[in-house]
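Protein chains: 2
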Amino acid sequence: MPQVRVESFTISLDGYGAGPDQDLSHPLGVGGEALHGWALATRTFQKHLFGSDGGEAGIDDDYAARGFHNVGAWILGRNMFGPVRGPWPDDRWRGWWGDNPVYRVPVFVLTNHDRPPLVMEGGTTFHFVTEGAAVALERALAAAAGRDVRVGGGVNVIQQYLRLRLIDELHVAIAPVLLGRGERLFDGVDLHALGYTCTKHEASARATHVVLTRQ
Amino acid sequence: MPQVRVESFTISLDGYGAGPDQDLSHPLGVGGEALHGWALATRTFQKHLFGSDGGEAGIDDDYAARGFHNVGAWILGRNMFGPVRGPWPDDRWRGWWGDNPVYRVPVFVLTNHDRPPLVMEGGTTFHFVTEGAAVALERALAAAAGRDVRVGGGVNVIQQYLRLRLIDELHVAIAPVLLGRGERLFDGVDLHALGYTCTKHEASARATHVVLTRQ
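The listed protein sequences correspond, in order, to chains A and B. End of the first sequence sits at 215 in the numbering used here; the numbers just go up one at a time, nothing left out. End of the second sequence sits at 430 in the numbering used here; the numbers just go up one at a time, nothing left out.
One chain only, chain A, in its complex shape (with noise of 0.2 Å):
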């Protein structure tokens, strides 16, 4: 069966997994970036975003690559696809990840209003869902034919398939920093009457991993 996964979704020590404030030049929210440190120093992200040979391996490349393993399609809010709000103004935004994003199969944003499908390089297709999550999930789970599905975030998406209870698993990192404002994953989500449990807890020196399963 394929599997609905959250994977690297990083989060502060107070619970928040985007700063406050986001806009073009804080595409995480003002302090947002401090989350990723764990996840840039690996093998895993220094490859998929740089090309780069560099990064390290141990417990959090494990997790970073995890994450791209069996992975056919992808879910993004919209937020996370870009700054642009409202009615797209024209075609021009194509994401935050230039020609060739790192996703290499089809990603379904999330929004309220519709744009035709974006071919990236590289096998990135971007499709525009304006029928809600539940749909957006019946066509990803079509387009990756067997494998899984990817839930990328933000908050707001990871909150409807909680709610949904159409999440398999989920990885959170939580990093050793403060952000005091912001969107927290787990705000209106009760996890424990949804039926997830922790099932693996571990921490390197950047952050600690744990992996919430539904029973």
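Since the hints were derived computationally from the structure, they do not count as laboratory data. Certain hints may be false.
Coverage of chain A stretches by chain B, computed from C-beta distances (three or more under 8 Å per stretch; other residues unrestricted) [unchecked claim]:
{"id": "1", "segment": "8 to 18"}
{"id": "2", "segment": "177 to 183"}
Anything over 12 Å on all C-beta distances counts as not near chain B; from chain A, calculated [as the list claims (entries may be wrong)]:
{"id": "3", "residue": "H26"}
{"id": "4", "residue": "F186"}
{"id": "5", "residue": "D187"}
{"id": "6", "residue": "K200"}
Note that beta-carbon positions come from the ideal geometry of N, C-alpha and C, so glycine has one too.
With chain A's structure known, arrange chain B on it following the hints.
Same frame as chain A, now just chain B:
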């Protein structure tokens, strides 16, 4: 300078310092005991709570032990002292900890309802303070006579002292459990704006330990 410290305060992965529905049989709220697995396994807690020579050494025990080092007085919220709410019906409630409580120093209990001091065995005296958090701290510092003051909790009391910027250092343990509901330690407290940063971060098999320090 004596420090004002929070020690061994445990939260769940979803940020709760106590579960919902506290009562006499659930002093930490429903599910709240699961937070303290790491602490109960330590030598320090086995000795302080049960007079036992059992328990484990290691990271967890190092943190448990530092929590009792150089502490000259404690501050507790009234709900941590007991389940009685509103005016004291009589003086029969003497805390959760038997005739010889673990504190062995003066303990200042924040309450809206005055009550004479309660002298216990072993050096613990419970003083009931109705003049608020700042006054309780003054009295605790005076009683501690140069040693530190440990703010024991619960969540609401720690939040009061954090907002007043009166806590020098917090050791928070993050237990690999999900409570889903309850009291969140960091709700309505912007630790970043208050000037706190994470100065230490390490994990055992049972918990992640972080130290937050006021700059």
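ask   = Are at least 3 residues of the segment 8 to 18 of chain A within less than 8 Å of chain B when you compare beta carbons?
value = Our answer is that it holds, as 3 residues pass the Cβ test (under 8 Å) against chain B, meeting three.
message = So D187/A supposedly isn't at the interface. Is its beta-carbon more than 12 Å from every beta-carbon in chain B?
response = Not fine: 9 Å to the nearest Cβ puts D187/A too close to chain B.
ask   = So is F186/A really clear of chain B, every C-beta pair being over 12 Å apart?
value = 4 Å, violated
query = Checking C-beta pairs, does the segment 177 to 183 of chain A have three or more residues closer than 8 Å to chain B?
reply = Per the Cβ count (5), the hint holds.
inquiry  = Please check whether the beta-carbon of K200/A is more than 12 Å away from every beta-carbon in chain B.
reply    = At roughly 8 Å from the nearest Cβ of chain B, K200/A sits no farther out than 12 Å, so the non-interface label is violated.
key: 12 Å cut-off, C-beta based - H26/A kept clear of every residue in chain B   = About 15 Å separates H26/A from the closest Cβ of chain B, which puts it past 12 Å; holds.
Checked against the numbered hints given earlier, this structure breaks hints 4, 5 and 6; the rest are met.
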